[in-house]
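Chains as they are written, first to last, in UniProt numbering: chain D, 1 to 1023; chain X, 1 to 249.
Be aware that a few hints might be false.
[Said to hold, decoys possible] In silico EDC-like links for lysine to aspartate or glutamate, alpha-carbon gap of 20 Å or less:
#1 X:LYS83 x D:ASP338
#2 D:LYS899 x X:ASP70
#3 D:LYS585 x D:ASP597
#4 D:LYS728 x D:GLU179
#5 X:LYS116 x X:ASP37
#6 D:LYS131 x D:GLU116
#7 D:LYS651 x D:GLU187
#8 D:LYS160 x D:ASP973
#9 D:LYS318 x X:GLU69
#10 X:LYS83 x D:ASP945
#11 D:LYS651 x D:GLU194
#12 D:LYS651 x D:GLU39
#13 D:LYS95 x X:ASP66
#14 D:LYS211 x D:GLU579
#15 D:LYS312 x X:ASP66
#16 D:LYS568 x D:ASP205
#17 D:LYS207 x D:ASP731
#18 D:LYS318 x D:GLU497
#19 D:LYS580 x D:GLU39
#20 D:LYS899 x X:ASP224
#21 D:LYS687 x D:GLU39
#22 D:LYS825 x D:ASP235
#23 D:LYS899 x X:ASP66
#24 D:LYS312 x X:ASP37
#25 D:LYS160 x D:GLU709
#26 D:LYS91 x X:ASP66
#27 X:LYS128 x D:GLU39
#28 D:LYS899 x X:GLU69
#29 D:LYS95 x D:ASP731
#30 D:LYS797 x D:ASP737
Rather than coming from a laboratory, the hints here were simulated on the basis of the structure.
Single-letter residue listing:
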Amino acid sequence: MSTRRNILKGAAAAGALGTFGAGYAETLKKLAKGKWSGEVPNAALTGNSLTPEYVIDPDTGDLAMNPDIAMSYTMCIGCTTMCGVRVKVDKAQNKVLRVTGNPYSPMSTDPFIPYEASVKDSFLAMAQTGKGDGLTNRSTACGRGNAVLQQVDNPRRVLKPLKRVGPRGSGKWQTISFEQLIEEVVEGGDLFGEGRVAGLREIRDLKTPIKNGAPELGPRANGLVVMNCVDDGRDNLLLRWLKQSYGSTNFTRHGSYCGGAYRSGSGAMFGDFKKMPHAKPDFLEAEFVMFVGTAPGNAGNPFKRVGNLIAKARSDGKLDYVVVDPVLNNAQNGPSGDRSRWVPIKPGTDGALAMAIIGWMFDHDRINHAYLAQPSAAAAEAAGEPSWTNATHLVIVEEGHPRYGRFLRGSDIGLAVEGDAYSDVDPFLIASEAGPVPVGAEAAPLFFDGVVATAKGPVAVKTSLTLLREAAASRTLMEYSEACGIPVETIEGLATELTSHGRKAAVNSHGGMMSGSGFYNAYALMMINTLIGNLNWKGGTMIAGGWFPDNKGPAYDLAKFPGMVTPKGLPIGRNVPYEKTSEFKAKKAAGQAYPADGPWYPNAPGLATEWISSMVNHYPYGAEALIFRNTNPIYGVPGISHVVDRLKDPKVVPLIISVDPFINESSAISDYIVPDSVMYETWGFTKPWGGVATKATTARWPVIEPKMEKNAEGQRVGLETFLIATAKRMDLPGFGDQAIPDADGTLHPLNRAEDWYLRGAANVAMIGKTPVPEATDEDLELSNVARIRADLEAVLKPEEWRRAATIYAKGGRYENIERSYQGDKATYAFGAPMLVWNEGLGSFRRATTGTRMPGSPTWFEAEFADGSKVADHYPAADWPVKVMSFKSPLQNSYSVGAKALLRIIASNPVVLGRALAEAHGIANGDMVRLTTPGGSLESVAVVRDGIAPDTVAIEHGYGHKGFGAQDIMIDDDIWPADPRLATGVLLNDMGMVDPTRANTGVWVDPVSGTAVRQGLPARIERI
Amino acid sequence: MDTNRRGFLGAMGRVSIGAAATVAGAGQSATAATDPDHRTHWGMVVDLRKCIGCQACTVACIMENDVPEDAFRTHVSVYELVKDGQDPAMVMLPRLCNHCDNPPCLPVCPVEATFKAENGEVLVDASKCVGCAYCVQACPYDARFINHETQVADKCTFCFHRTSVGLLPACVETCVGGARNFGDLNDPDSEVSRMLRENEVSVLRPEMHTNPNVYYIGLDEVLDGRVAGEAAYRPPLTGEAQATHGEGL
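Chain D on its own, in the form it takes in the complex (with noise of 0.2 Å):
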C-alpha cells in the first residue's frame, strides 16, 4: 500500500502541471517580461472586458447584434429554482460568457413582459431603451445564476464514461466506450473480477417476487432503484425508461433531505401527502408575513422571485415582516428599519411558536369564523370564500372505535349512501340540534364536543377545530415560550399583527423544519394561514399557478403508449402503510402485530432518507442495482457516513450506476459513471415550485454543443443517450422506431433526445385555447434557435415546428402577468379542502410503535423511532448545544466548482452566538471542536449577536470529498486534488443515527421521514 500512495503522490504532481498548467505558463510570462510590463489588455479604456452582445443606434433605437455573439434564452439549473435566463454565447468557441435573466420568464423578472413581445423587443426592453431606462423589466441571474456557467468548462468534468478500477470508492477509473458500458449494465457478467453481477436484462422479472413470501413487494425488476436529484425537466423521460418500460417502481428524488418536513407539513394540511401543495405568500400585496425557518432574499425557491418581491415590498410597497430563524441571515434588511425584523428562536421549535400563537388566537377570539364555518365548497361559495376547510366536520374520538381518528360519516349513523361507505359519495357530517347531519351549503357549527348516536351505538365526536383547539391549549403560553426560546410578549405582539390585517396577514416556512419534530411544526405553522382564512386571496398565500405540460399535449402523448406496463408493489422506502406487508399479516397472526422490523411512514412521499436504510439492510427488500441521477445523497443526508461504507459493499447493493457530469461523493462510490450535460448543453421543461401566480413553462436546450464524447451512432453520451440505447438493447416497449403516438395514433420514433423534447415543445407551444405564434425568421436568428432549427424542421410536422420554435426563442411559455388575479381573488385558486384534522395522520399507527399520532397540528417534542424522547437519550446537560445547518446566499451543494463563488466567501466557519462563545473562552476565529452523537468536526469559529442562544449554525455546501477535492486517478492520468473544493466543514458529517432502530437507519422525523439537520444535540469546545 505504501508503494501505492508514494507512486499516486509523483504522478499527482506531474498531473498537477499537466492538467492545471496555465496558471503556472502565466507567472513563468511575466516572470520573463519584467514586473512592468504585464499582458496587454483587448482595449485601453476597457481592458478584457466582453465586446457587447448588441449595440443599440441612440438615434433610431434600432439594434443590431454582434454577429460572433448568440443570445439565447434558456434555463438555468444552478438551484431547484431553475429560472429562465438569457446566456451570451461566443458561436466560434462554443463558449458561454455571461448570463443573465429572461424578461419572459417570471423566475427572472418582475414585472416580466408580454409574451407577445418579439426577441426584438424583449432585447430592448433590457437595455438602456427599456422601459425605466431599462431597470423597469430588468431581468437578472443571481450570484451563483452568474457564476455556475463554469460548471461547463469545469476541467474535473467527465465527459467518457468511466468503469471502476479496484475496489467502490477507491477514486480510481478506466474510461470505457459507451457501446461497452451498454453491453456490461445490460448484460452483466463477472465485471470486476469479484464475481458475477446480474445486469439489467436479467433482474429485468416481472414475475418472480423480490422477495419469497411477500408477493406485495412486486417482482424482482423493482430491484433496479433510481435515486434523482430534482426534476430538472428531464424526468418524464426517466421515468417512462424506468416504470412504463422496465417496470421497476422504485424512484425517488432529494426532497426527503432537501425541504421535505415542511412539505409534507404543508400537505397535511391541504389533504395531498405524496404531491404535498404548498402555498407562498403574495408578497407585493401582503401587510405582514411572517417567516419561519425560510429566509426570502438570502435562499429558497423561486430565489430570485421571492428576493425580487420581499426587497420592492419592504421598500416601496406595504409589507412588514419578521423572519423568525435561529440565526440572522440576508432576509432581514437593516437599512429596511422595523419593516424587516428578525426574531430568534431555538432549532427545532417553531410548532411551539406556531401552538402558541394558535393558542392565543382562539383565546382572543381572532380566528376567521366566517371562513371555517363553511364545511363545503358550496357552502364556501355562498359565502363568497375562495376556500374551506373540514374545520366543522366531526372527528370519531371514541378510544378503541376501529375508525377512530376518522371522521364520521354518512353511512356511520345509517343514513342510505349511493356507493361506498366511507368512498367520496358518502357524506361528512357536522353538528346540528338534532344530532350529526351532512354537511350542505350552509355554515356549521364551528366546535362540538359529545357522544352521538349512530347505527352501532354512542360514540364520542368533536369537530376538527375543538381537536386543533385542545391541541393548542394543552401547554400555557408560557411553557410554548421557555420551549421555543421567545418572550411570551414577542408572541403576543406576533399574534395580534397576524390577526390585524383581515386576509392579507400570512406564515410562510420552507427547509428551515428539517428537525426532528419538522413534520408537525410545519402543520402547525401553516394551519396559522387556514386560522386566518387567507388562502387564495389576494395578499394572502397562493399557489402556483400551474404551466403548460410538455407530456400529454395536443401534438403528442409522451405519456403512454403501446404495449406500457404498469409497474406492481411496494416501494423501497416504506411510505405505504406497513399493515398491507406480509411482515403485518404474520406477525398479527403470531399475536403482536407491533413493532415491525423497520419504520413505515404511510403519510410521507418517496423517501431518500429510508431508502438508504433499505438498501443496507435489504429490509423490505434489497436492490441489485442503483442508479444515482445527478444526485448526492452520500453529501446530502445528515448521519449518512455510519452506512457509506455497508453501500461500499458490492454484496450489498452489486450495481451502482451514476450518470452525472462530474464525480461528486456519491457517483464517487459506484461502478460506471455516464458522464452528462451541464447547465446549457441540456434539454427540458420546468413549471414553477411556487410564488408564480400564472401559468409559466420554463424551456432548456442545448445552446452551446455538448462536451461530452459521442457515441458510435455520433450522439453524444448521456443521459438520453444511456436510457435509449439500454431499452433498445433490452427491446424494451416504448422506445425505438415505433414509440410516441401523435393525436391520430401514429406512432414516432424515440431514437435520440430530440424526439422526445422537440414533441414536448410541441406539446407547450400547441395547448390551450391559442397556440402560441410562429416564431418569425428573426425571433430565430436573434435567439439562435437558428442553431436547432433543422432538428425541428426534421422532427416535427410542418405546421409545428415554428411553434415549437417560438417555445426556445422566448425561453418557454408564460401567461402573461396580468392573469396573476380575478378581482381580489387569485386566478389559480386550490380547490380541496384545508385539512384542519388529517384523518389519515390522525388515524395511522406508527408501525414501530403501533401507538397513534394525533391527526391536528401540535408541539411535538423530537422521538426517535421507538416513541422515546430524543431528549432523554442525550440530555442537555451532556449535550448543551443545538447544532444547525443554513443555506448559503451563493454555495449549495453542487456548485463548488464554479470557483468565481470561492473569491467571495472563500469557506463556512462555525457560527455561535457571544454569550456561549464566553462561556467557553472561545474568540473569534479560535479553532473549535464541535460533537454531536454523530460525530465530530473542526473548524473556525465565528461569533456573532445575530444568532440565538446555545446554537452553532454551520452554513451548507463546503466540506466537499466529492468534485476534486480527492485526488482522483483516471487511467493513468491523475486529476489531482485541489485543497479550495474540499474548504470547510460539512453538518452531515455529524449527523445521527436512530440508536432505537434495530437496522441501521439515519434519525428522520416519524412522520415524514425526513432528515434531521435543525437541531442537533451538541458540545462545543475550544481546541
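Given the coordinates of chain D, assemble chain X onto it according to the supplied hints.
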C-alpha cells in the same frame, strides 16, 4: 447628509410632479432629447433597502470584465450591525468606483492615464498607465487595484463598453433586488434623477468632498466610512477572498 447632492440637485433643476417617465423605445427622455446641448452624466443610485446580498453584481462583474482572481471591481460587503439598544441587523453594502466628479485618483497620476470621460466616468488608459499605484493609494473608496495580469491600474468603468452602445452595466442588469439603478443624472426624467428627488440619499466618505456619482438610499452613518472591505461577519479563513488595501474592493 451630503451637501454635494443638494448642490447637484439645485443645478439640475426640477420637473413638475407627474411628468412622464422615460418612454420605452427611446434612448433618452423627451426632455433630454430635445436639448441639443444635452450631455449624459452617468450615475448610480443604490437603494440599500433592496439589496439582498446575493452578490449577483459581484459575479456578473467578474464574468463581464475578466476581473483577476485576487481582486474585485465591485463587491457587496455584508455587515451585522449591532447598535446600542437595538437588535442586530444585516446591512449589505454594494461598493464600486464612485466615478467622482472630484476624483482624488486623477491628480496623482504622473502620466495622465486616469481621466474623466465625457459622460462622467473615471477611466484608466492602460496604454499610458505605468502601474505606479499612486491612484490605488489615493482612492478613498479602495476601489482600485493593480491588475496582476496586465500590470496596470484597474477598476470599475461603469461598464463603459456597454453603456456607450445603449446597454446597462452588467451589475445593474443583473441586480436581483433592484438595488442598483443606473442612468443619466443630467436627465431630470431619468429613473435615477427621480430617485434622488424622492429619497434621502447619502454618499460614502462625504468628508472627502469627492463629489461621487454613486448615491445610497438607506445608508447608516455608521457605515458611510466603511470602505476598506472588512466584512464584519466573515473574517478571513485563508485570506484568499478578502481584500486588503490596495487590492481593490
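Do the hints match the structure? See the list:
1. X:LYS83 x D:ASP338: Within the cut-off at roughly 14 Å; holds.
2. D:LYS899 x X:ASP70: holds, 12 Å
3. D:LYS585 x D:ASP597: holds, 13 Å
4. D:LYS728 x D:GLU179: At roughly 12 Å apart (the allowed maximum being 20 Å), GLU179 (chain D) and LYS728 (chain D) satisfy the hint.
5. X:LYS116 x X:ASP37: holds, 19 Å
6. D:LYS131 x D:GLU116: holds, 16 Å
7. D:LYS651 x D:GLU187: holds, 18 Å
8. D:LYS160 x D:ASP973: holds, 14 Å
9. D:LYS318 x X:GLU69: Answer violated: LYS318 (chain D) to GLU69 (chain X) is near 41 Å, above 20 Å.
10. X:LYS83 x D:ASP945: holds, 11 Å
11. D:LYS651 x D:GLU194: Holds. LYS651 (chain D) to GLU194 (chain D) sits at ~10 Å (cutoff 20 Å).
12. D:LYS651 x D:GLU39: Roughly 57 Å separates the two Cα atoms, so the pair is violated.
13. D:LYS95 x X:ASP66: Satisfied, since the Cα-Cα distance of roughly 15 Å is no more than 20 Å.
14. D:LYS211 x D:GLU579: holds, 17 Å
15. D:LYS312 x X:ASP66: violated, 31 Å
16. D:LYS568 x D:ASP205: holds, 12 Å
17. D:LYS207 x D:ASP731: Holds. LYS207 (chain D) to ASP731 (chain D) sits at ~17 Å (cutoff 20 Å).
18. D:LYS318 x D:GLU497: holds, 14 Å
19. D:LYS580 x D:GLU39: Roughly 72 Å separates the two Cα atoms, so the pair is violated.
20. D:LYS899 x X:ASP224: violated, 31 Å
21. D:LYS687 x D:GLU39: Measuring from Cα to Cα gives roughly 46 Å; hence the hint is violated.
22. D:LYS825 x D:ASP235: Answer violated: LYS825 (chain D) to ASP235 (chain D) is near 33 Å, above 20 Å.
23. D:LYS899 x X:ASP66: Given that 20 Å is the threshold and the Cα spacing comes to 13 Å, the pair holds.
24. D:LYS312 x X:ASP37: Violated: LYS312 (chain D) and ASP37 (chain X) sit about 36 Å apart, past 20 Å.
25. D:LYS160 x D:GLU709: It holds: about 6 Å lies between the C-alpha atoms, which stays within 20 Å.
26. D:LYS91 x X:ASP66: Answer holds: LYS91 (chain D) to ASP66 (chain X) is near 19 Å, not above 20 Å.
27. X:LYS128 x D:GLU39: Within the cut-off at roughly 14 Å; holds.
28. D:LYS899 x X:GLU69: holds, 10 Å
29. D:LYS95 x D:ASP731: This hinted pair is violated, its Cα atoms lying about 38 Å apart.
30. D:LYS797 x D:ASP737: The given pair, whose Cα atoms are some 17 Å apart, holds under the 20 Å limit.
Of the hints listed earlier, those the structure fails to meet are numbers 9, 12, 15, 19, 20, 21, 22, 24, 29, in rising order.
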